[in-house]
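Chain order of the listed sequences is A and B.
Per the working numbering, the first sequence starts with residue 1, numbered consecutively.
Per the working numbering, the second sequence starts with residue 1, numbered consecutively.
Worth flagging that the hints you see were computed from the coordinates, not collected in a lab.
Predicted model, so just to flag it, every value in this text is computed and none were measured.
Below are the DSS-like pairs computed for lysine-lysine, each with C-alpha atoms no more than 25 Å apart in a straight line:
hint, chain 1, residue 1, chain 2, residue 2
1, A, 110, B, 96
2, B, 38, A, 108
3, B, 96, A, 23
4, A, 128, A, 147
5, B, 96, A, 108
6, A, 23, A, 110
7, A, 298, A, 142
8, A, 37, A, 95
9, A, 259, A, 344
10, A, 108, A, 23
11, A, 133, A, 157
12, A, 165, A, 128
13, A, 356, A, 345
14, A, 147, A, 133
15, A, 95, B, 38
Covered, in the sense of this in silico footprint (three residues per stretch, anywhere, with C-beta under 8 Å from a C-beta of chain A), are these stretches of chain B:
hint, region
16, 59 to 66
17, 77 to 86
18, 89 to 100
Partial list, computed: chain B residues near chain A (C-beta under 7 Å):
hint, residue
19, 69
20, 71
21, 73
22, 74
Beta carbons: idealized from backbone N, C-alpha and C, even for Gly.
Chain by chain, the residues run as shown.
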Amino acid sequence: MTAILIMNAILAVIAILLVIAEKFLVTYGECRITINKEKILTVDGGDNLLSYFAQNKIFVPSACGGKATCGYCKIEILSGGGSILPTEEVFISRKDRLRGVRLACQVKVKNDIEVLISPELLSAQEYKAVVAKILDLTADIKHVFLKLEEPSAISFKPGQYVQFKIPETDEFRAYSVASRPSQDNIVELIVRLVPNGMCSSYIHEVLDINDKIALTGPFGDFYLREDSTRDIVCIGGGCGMAPIRSILLHLKEKNMPRKVTYFFGARSKKDLFFTEELFMLSKEFPNFKYIPALSEPKPQDSWRGETGLITQVVERTVVGNGHTEAYLCGPPPMIDASITVLTKKGIEDIYIYYDKF
Amino acid sequence: MNATNPLILLVAAIFTHNIALVYILGMCPFIVISRNFKTAMGMGVAIIFVVTLTAIIIWPIYWLILVPAHAEIVSYLIFIVVIAATVQLLEMLIEKFFPPLRSSFGIFLPLITVNCIVLAVLLFMVLRKYDFVQTIFYSVGTSAGWALAIIIMAAIKEKMMLVSDVPKGLRGAGITMIIAGLLAFAFMGFAGMITLQ
Numbered sequence: 001m002t003a004i005l006i007m008n009a010i011l012a013v014i015a016i017l018l019v020i021a022e023k024f025l026v027t028y029g030e031c032r033i034t035i036n037k038e039k040i041l042t043v044d045g046g047d048n049l050l051s052y053f054a055q056n057k058i059f060v061p062s063a064c065g066g067k068a069t070c071g072y073c074k075i076e077i078l079s080g081g082g083s084i085l086p087t088e089e090v091f092i093s094r095k096d097r098l099r100g101v102r103l104a105c106q107v108k109v110k111n112d113i114e115v116l117i118s119p120e121l122l123s124a125q126e127y128k129a130v131v132a133k134i135l136d137l138t139a140d141i142k143h144v145f146l147k148l149e150e151p152s153a154i155s156f157k158p159g160q161y162v163q164f165k166i167p168e169t170d171e172f173r174a175y176s177v178a179s180r181p182s183q184d185n186i187v188e189l190i191v192r193l194v195p196n197g198m199c200s201s202y203i204h205e206v207l208d209i210n211d212k213i214a215l216t217g218p219f220g221d222f223y224l225r226e227d228s229t230r231d232i233v234c235i236g237g238g239c240g241m242a243p244i245r246s247i248l249l250h251l252k253e254k255n256m257p258r259k260v261t262y263f264f265g266a267r268s269k270k271d272l273f274f275t276e277e278l279f280m281l282s283k284e285f286p287n288f289k290y291i292p293a294l295s296e297p298k299p300q301d302s303w304r305g306e307t308g309l310i311t312q313v314v315e316r317t318v319v320g321n322g323h324t325e326a327y328l329c330g331p332p333p334m335i336d337a338s339i340t341v342l343t344k345k346g347i348e349d350i351y352i353y354y355d356k357f
Numbered sequence: 001m002n003a004t005n006p007l008i009l010l011v012a013a014i015f016t017h018n019i020a021l022v023y024i025l026g027m028c029p030f031i032v033i034s035r036n037f038k039t040a041m042g043m044g045v046a047i048i049f050v051v052t053l054t055a056i057i058i059w060p061i062y063w064l065i066l067v068p069a070h071a072e073i074v075s076y077l078i079f080i081v082v083i084a085a086t087v088q089l090l091e092m093l094i095e096k097f098f099p100p101l102r103s104s105f106g107i108f109l110p111l112i113t114v115n116c117i118v119l120a121v122l123l124f125m126v127l128r129k130y131d132f133v134q135t136i137f138y139s140v141g142t143s144a145g146w147a148l149a150i151i152i153m154a155a156i157k158e159k160m161m162l163v164s165d166v167p168k169g170l171r172g173a174g175i176t177m178i179i180a181g182l183l184a185f186a187f188m189g190f191a192g193m194i195t196l197q
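Please model the entire structure based on the sequences and the hints provided.
Below, the structure written as structure tokens:
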């Protein structure tokens, strides 16, 4: 009994000491954060850059919440950031280090600091939205329609993603936008139920029509290169459908100016979705071909299409013509295998764009 | 109380009872941080600082508060929390008053919170019933011994980078373990000079 009392007393003393110390020692006064040489934030120093960005509604992506484990919050520091910490070295290549790339969550603001953030991130902002419709696509995939309210329109490139804020928490999860950019007031997401996934179970089990939610975005460098005229090969698996559907719907509006082949891998027929929509699209435009492939077709599927792993189908079907680019989205093993196959077919890796999740 | 002369304790802790090479404690940073001489120095200095400071703080807490109150049962918990708090405080102080020191050894401070030799020194202090002066000499000696070991290791590895062709499978942690083994052999040469109890 006395032991526990004494322990609590000592712990309390330590806690008080630390709080007092923090109050008196960790003050750096006002510091100015200059962003891209134009925007200036004046803050009370002592915290890390990432949290100042969040307070000022600049949405630098971060999945780990400042623990230097995800490596998403990379920014360039021009001056005032000090030298790179051992915790960051894993994430930043030698070349980037020379440019001053750092992880925003590891840079403590102690004096005036000058940073470069890609303009794309500055254009990202918070959207308040309301759930307009939820459809079941397969047994574990839902199609969620979010109507934007404040601001009421979003501008994004086909293929980019938004972050969904899980209500009542500070956690975000990234989902690719599945709708076309011209439909700028409704964002469609495709959400697969991940076992024990906090956000996907929320969306699958709790989220209901008319719920109010918050999104930030758009983010990501996986998007359709519109200045290119190359033929396009898309490879998707599972929810990898989402960004590719956005790309296809966008191309549809432009009357499918480029030759597009879309390979979609699934296990059996019940894991296929948007099948009708995509076959309709291929009927409408001879330039577009949809090739779904089942790796384990069931007898009752009476499947007459391609079978096997999606990479085997790609290997059989794609003819490298030196004028092709590829967009891949799906689970990491599928992407890695697809990159190997596509490089063998003569598609240079600078023309292979991918989004792993 | 223990009757060993504090000066003998100091020498013993550095050489005959070197905590890294004889007790094989504090291995994680010993293997990972010993890649170059400069960081090894920084880590070594930081360890000496933290170990000595925590020992000075813990000794009175243990002998003047915990023992009279028969509360030894919570001592591990208190030790760990005090270590963590001390490191935190030290980090704040250094950042505020000695910014140049931060770049040389400040960044190693958070790593030290979870270093086993900090706790080991406190436990030996309790186990062997050192008095306050002995504790100071013992903690300085132990941490200096650990610093010596990691600095020797870093120097050897830096030299080896230039001249040795280490087989691929042994590079990194593998060769470090072998060097540590050889160093431990060398330190066995000191054994028998002093016996601690």
